[in-house]
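Novice: One letter stands for each residue in the lines below.
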Amino acid sequence: MVLILRNMTKSNLIYLGIAALLLFLPMIITGSTKFMITQIFVFAIFAMSYDLLLGYTGIISFGHAMFFGIGAYSTAIFMDHFDSSLIALFIAILVAVLFAALVSFIVGMLTLRLKTHFYAMLTLAFAGLFLVAAEKMRWLTRGNDGFTIKAPEILRDSTTIYIISLISLVLIFFGLRRLTNSPFGRVLVAIRENEHRTESLGYNVLHYKVLVTVISGVVASLAGVLYILSLRFVNTGVFGTDLTIDVLLMTIIGGVGTLVGPIIGAALIELAHDWISGLANVHWIFERWLILYGIVYILMVIFFPLGIVGTIREKFSGRKKSKNNAKQKAS
Amino acid sequence: MDLIASLTINGLATGMLIFLLAAGLTLIFGLMSVLNFAHGGLFIWGAYTGVWIYSMSESFFLAIITAIITGLVLGLITERLIIRPVYGNHIQQILITLGFMIVLQELIKVVFGPDIKAVNAPAWLAGNFQVGEITLIKYRLFIIAVGLLVFFTIYLILKKTRIGLIVRAGVMNREMVQTLGINIRFVFMAVFMVGAALAALSGILHAPYSGSIYAEMGLEFSILAFIVVVIGGMGSFTGSLFAALLVGLAQAYMAYYFPALSLAVNMLIMVVVLVFRPQGLFKVKG
Numbered sequence: 001m002v003l004i005l006r007n008m009t010k011s012n013l014i015y016l017g018i019a020a021l022l023l024f025l026p027m028i029i030t031g032s033t034k035f036m037i038t039q040i041f042v043f044a045i046f047a048m049s050y051d052l053l054l055g056y057t058g059i060i061s062f063g064h065a066m067f068f069g070i071g072a073y074s075t076a077i078f079m080d081h082f083d084s085s086l087i088a089l090f091i092a093i094l095v096a097v098l099f100a101a102l103v104s105f106i107v108g109m110l111t112l113r114l115k116t117h118f119y120a121m122l123t124l125a126f127a128g129l130f131l132v133a134a135e136k137m138r139w140l141t142r143g144n145d146g147f148t149i150k151a152p153e154i155l156r157d158s159t160t161i162y163i164i165s166l167i168s169l170v171l172i173f174f175g176l177r178r179l180t181n182s183p184f185g186r187v188l189v190a191i192r193e194n195e196h197r198t199e200s201l202g203y204n205v206l207h208y209k210v211l212v213t214v215i216s217g218v219v220a221s222l223a224g225v226l227y228i229l230s231l232r233f234v235n236t237g238v239f240g241t242d243l244t245i246d247v248l249l250m251t252i253i254g255g256v257g258t259l260v261g262p263i264i265g266a267a268l269i270e271l272a273h274d275w276i277s278g279l280a281n282v283h284w285i286f287e288r289w290l291i292l293y294g295i296v297y298i299l300m301v302i303f304f305p306l307g308i309v310g311t312i313r314e315k316f317s318g319r320k321k322s323k324n325n326a327k328q329k330a331s
Numbered sequence: 332m333d334l335i336a337s338l339t340i341n342g343l344a345t346g347m348l349i350f351l352l353a354a355g356l357t358l359i360f361g362l363m364s365v366l367n368f369a370h371g372g373l374f375i376w377g378a379y380t381g382v383w384i385y386s387m388s389e390s391f392f393l394a395i396i397t398a399i400i401t402g403l404v405l406g407l408i409t410e411r412l413i414i415r416p417v418y419g420n421h422i423q424q425i426l427i428t429l430g431f432m433i434v435l436q437e438l439i440k441v442v443f444g445p446d447i448k449a450v451n452a453p454a455w456l457a458g459n460f461q462v463g464e465i466t467l468i469k470y471r472l473f474i475i476a477v478g479l480l481v482f483f484t485i486y487l488i489l490k491k492t493r494i495g496l497i498v499r500a501g502v503m504n505r506e507m508v509q510t511l512g513i514n515i516r517f518v519f520m521a522v523f524m525v526g527a528a529l530a531a532l533s534g535i536l537h538a539p540y541s542g543s544i545y546a547e548m549g550l551e552f553s554i555l556a557f558i559v560v561v562i563g564g565m566g567s568f569t570g571s572l573f574a575a576l577l578v579g580l581a582q583a584y585m586a587y588y589f590p591a592l593s594l595a596v597n598m599l600i601m602v603v604v605l606v607f608r609p610q611g612l613f614k615v616k617g
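Protein chains in written order, with the numbering used here: chain A, 1 to 331; chain B, 332 to 617.
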């Protein structure tokens, strides 16, 4: 305990404080808001898993939705075909994690020794394959219509799901933070900055890259599991390109390589979804919200590649530096 | 016999359409290491603008010309506004072209409406030839003919002209070509526009072939083109033709015998190539 407290930095305390405040939020908010915040937690986990690839290692995946979908469908199918008990859920999570790990391992082994483009292309193709498979295997997935599921008895209350999602988010956040601050995480950043140099220093780059895609895939599948538990409905949308675009946007808007950024990005995108779907009655252009997202996304990539958190951090550290310079000059 | 001939023709026609899409992708990649994820967007824009003119003028020839012009213009816009600001940064490039793909796809829905549109082949290409007991559908033969024409034209340009020489040299070693005082960016812009025009041509040819067009088909079809680019070798023009025909044939035969596996079999070919020849079947020497 003392050790944990000693390791607590100021920022960690702030994050824990916010989490503690969020823990008491369900007392004052209504059902729909509670559901929306739960969704934000779920997508924040999903976006953080993406940040691990894009932000820390410089790997681009255009099929990250497939891991989310694997988690979602494993849970839904187990809940649907077997009894909706906690044991079935536990097995479902186990299956989701193993399957996601296997898929990301295979895709990673195939393409990560090649240029960045290959991983992006292959994940796009694999996600397409999963989408087609989910639409064709109607006996298992009931196609695009989807189906509703019964969650285990004790997980049906919306407050319970809210708290479970929050705790998962906090645990995964600190877990990934620990991971990215570890020597392993430093090697990932080194790969992002200069892959050849990292290799020359004696690191087996492929080994690190495959491992990080597996971790990312597993975390994304856990987000999928939580998504289904909170929504209790699944359809092929969980494999869709829209979802990959969403997660890309969350990560890029929030700030790549920051972990906090994707959480903020997830909140912004989910709120924007909510706001824009409300505007659909005002003008039909809002039904085509993806266009707005696409434009925002392109502008972000050109003008603010660091995202919100990244840009703020850069400004902040820049000011510090210039102050230091000024001091040095004065003395 | 009839069945095999029909499936083969079908496969070759699909292959040619994929080839038109993949040819641009592979040359653009070879020259500047830019992988254009918005290529499928150019494909649907070709299809929609072509079909629009086709429905108004009743002339399929005019539709093809329209599609090609759309492709050239959109190619110029894409290169100038989307790709040029992020030259030299692979991650940004890949991210931004996918974003543009989404914008192009959604713009189609805004401009032409979100519904699926039915398209029929023009009268002079409808119907079929009867050779013995084999039925040959005219429109499919037409696609194969156009595909071959495009292939040989570009092949000859690449092999016999000065601009072709520059492009081939650029694919092998960009820096060296620049050192020799050639404005490679200008060459790249030209190649990008031609690639975009080919994608748009593929789109308008695909419209009567599949009988209907919809906005999402760009992304679906471009996945096949990516598979082809990987199999054929990134940067290899000839490779993209062979790989496209291979993928087209595999697609046609599997769609008939095991419809559920048609995408999976192409993925499988790609996986096998990636394991045993990650540089693709036709590697660019240099």
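Quick caveat, the hints were computed from the structure, so don't treat them as lab data.
Just so you know, even glycine gets a beta-carbon here, dropped at the ideal spot from N, CA and C.
Take these hints with a grain of salt, some might be off.
Unchecked claim - Stretch-level coverage of chain B by chain A, calculated; a stretch enters the list once three of its residues show a Cβ under 8 Å from a Cβ in chain A:
| id | region |
| --- | --- |
| 1 | 423-429 |
| 2 | 434-445 |
| 3 | 483-495 |
| 4 | 500-511 |
| 5 | 550-560 |
Novice: Within the assertion that chain A covers the region 483-495 of chain B, do at least three residues meet a Cβ-to-Cβ distance smaller than 8 Å?
Specialist: n = 0 at 8 Å, threshold three: violated.
Novice: For the region 434-445 of chain B, do three or more residues have a beta carbon lying closer than 8 Å to a beta carbon of chain A?
Specialist: Coverage by chain A holds for the region 434-445 of chain B (6 residues, Cβ < 8 Å).
Novice: At least three residues with a C-beta closer than 8 Å to a C-beta of chain A: is that true for the region 423-429 of chain B?
Specialist: holds (count 5)
Novice: Please check whether the region 500-511 of chain B has three or more residues whose CB lies within less than 8 Å of a CB on chain A.
Specialist: violated (count 0)
Novice: Taking 8 Å as the Cβ threshold, is the statement that the region 550-560 of chain B is covered by chain A upheld or broken by the three-residue rule?
Specialist: holds (count 6)
Hint check: violations occur at hints 3 and 4; the rest are consistent with the structure.
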